[in-house]
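Asks: With this note's numbering, the residue at position 244 of the sequence shown is 811, and numbering never jumps.
It should be emphasised that the hints constitute simulated quantities derived from the structure, not laboratory data. Heads up, some of the hints might be wrong.
[What the hints assert, rightly or not] Straight-line C-alpha distance at most 25 Å; calculated SDA-like pairs for lysine to any residue:
#, residue 1, residue 2
1, Lys807, Arg763
2, Lys681, Phe641
3, Lys681, Met692
4, Lys749, Glu722
5, Lys681, Ser587
6, Lys670, Arg728
7, Lys807, Arg754
8, Lys749, Glu772
9, Lys670, Ala756
10, Lys749, Leu774
Predicted model only: the values in this text are computed from it and were never measured.
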Amino acid sequence: MSRRTMDLIIVSGLSGSGKSVALQSLEDIGYYCVDNLPSVMLPEFERCFLVHAPGDEHGIACAAVSIDSRNHRFLGGLGDTLDRSGLEAGACRILFLDAEEQKLVQRYSETRRKHPLTDDSTPLMEGIQRERVMLRPLQERADKVIDTTDTTPHELRAMVRDFAGGSSAGGPLLLFESFGFKYGSPREADFIFDVRCLPNPHWEESLRNRTGRDPDVRRFLENQPMVVEMTEEIYGFLLKWLPGFDSENRSYITVAVGCTGGQHRSVYICEQLARRFHDREFNAQVRHRQLNEQESGHREVPPASRT
568 MSRRTMDLII VSGLSGSGKS VALQSLEDIG YYCVDNLPSV MLPEFERCFL VHAPGDEHGI
628 ACAAVSIDSR NHRFLGGLGD TLDRSGLEAG ACRILFLDAE EQKLVQRYSE TRRKHPLTDD
688 STPLMEGIQR ERVMLRPLQE RADKVIDTTD TTPHELRAMV RDFAGGSSAG GPLLLFESFG
748 FKYGSPREAD FIFDVRCLPN PHWEESLRNR TGRDPDVRRF LENQPMVVEM TEEIYGFLLK
808 WLPGFDSENR SYITVAVGCT GGQHRSVYIC EQLARRFHDR EFNAQVRHRQ LNEQESGHRE
868 VPPASRT
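Modelling step: build the complete structure from the supplied sequences, incorporating the hints.
Replies: Dropping the structure here:
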């Protein structure tokens with residue numbers, strides 16, 4: 568018998584918050600996924616895939632299980648189960664999905680599905696509130712909590728893929744996300760920086776329909792002392808305080824930078840920050856929330872060229 572490393576993600580959260588979308592997203596990128604695994608079976612699930620027969624060179628390295636309120640008969644001992652688990656530190660991560668109660672009620676009204684904690688004497692809102700209390704211990708243990716109240720399925724899939732790529736074994740994944748304040752600030756951000764005070768390329772007619780990735784927009788912003796100063800100060804702040812998050816075994820940190828429309832200033836600064844942290848060997852990625860679908864999504868940032 569031999570021992571190998573497996574990346575295991577536990578997906579949990581409130582019913583209607585998007586756990587099915589999250590699990591499907593993980594399956595799409597190669598995770599072996601099990602929905603509604605009884606929590607008492609977690610150690611056996613671990614043994615099944617971490618310990619394999621000699622000669623088995625193609626065992627499953629990435630797996631995800633959904634554990635939620637449908638498990639309510641077993642959830643009471645989940646904390647002890649996780650504490651007793653033989654998983655190596657950092658190999659098991661918890662992704663928790665949350666949403667506002669009114670939004671959950673709306674989603675259940677639209678789908679007409681039954682909430683797992685409702686019955687003839689328990690109305691939907693009471694079931695949601697009971698579920699929130701029941702799952703609080705899991706939420707408190709979570710490596711990442713995503714509030715899906717205003718999140719589209721497309722955005723949630725991107726966030727889940729980002730989380731899956733941020734294995735704590737190689738240091739936390741540092742995601743820089745640009746956005747436009749007029750569309751609302753991202754709920755999942757750990758840090759939010761407002762750069763609306765900076766000179767806006769939007770007022771230059773030749774730059775209005777371009778983005779912060781465009782060379783002309785970059786040149787415009789690079790020539791603005793305020794832009795250079797703010798970029799440096801955000802970079803310095805993060806460089807100073809991020810090690811504290813690393814020591815807490817955080818696997819995923821989101822830094823959101825917002826301007827008015829999420830097209831010029833925030834895009835430029837996120838690109839600059841991600842490149843600089845990538846050059847310092849951080850696991851840095853960037854996502855531009857407001858750009859069109861061709862430019863949207865997340866990507867790794869290559870090191871800046873040196874001359």
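Asks: For every hint, state whether the structure bears it out.
Replies: Status of each hint after checking the structure:
1. Lys807 to Arg763: This hinted pair holds, its Cα atoms lying about 24 Å apart.
2. Lys681 to Phe641: holds (20 Å)
3. Lys681 to Met692: Roughly 12 Å separates the two Cα atoms, so the pair holds.
4. Lys749 to Glu722: Status holds; Cα separation ~17 Å.
5. Lys681 to Ser587: holds (15 Å)
6. Lys670 to Arg728: Cα-Cα ~24 Å, so holds.
7. Lys807 to Arg754: holds (24 Å)
8. Lys749 to Glu772: holds (21 Å)
9. Lys670 to Ala756: holds (20 Å)
10. Lys749 to Leu774: With Cα atoms ~20 Å apart, Lys749 and Leu774 stay inside 25 Å; holds.
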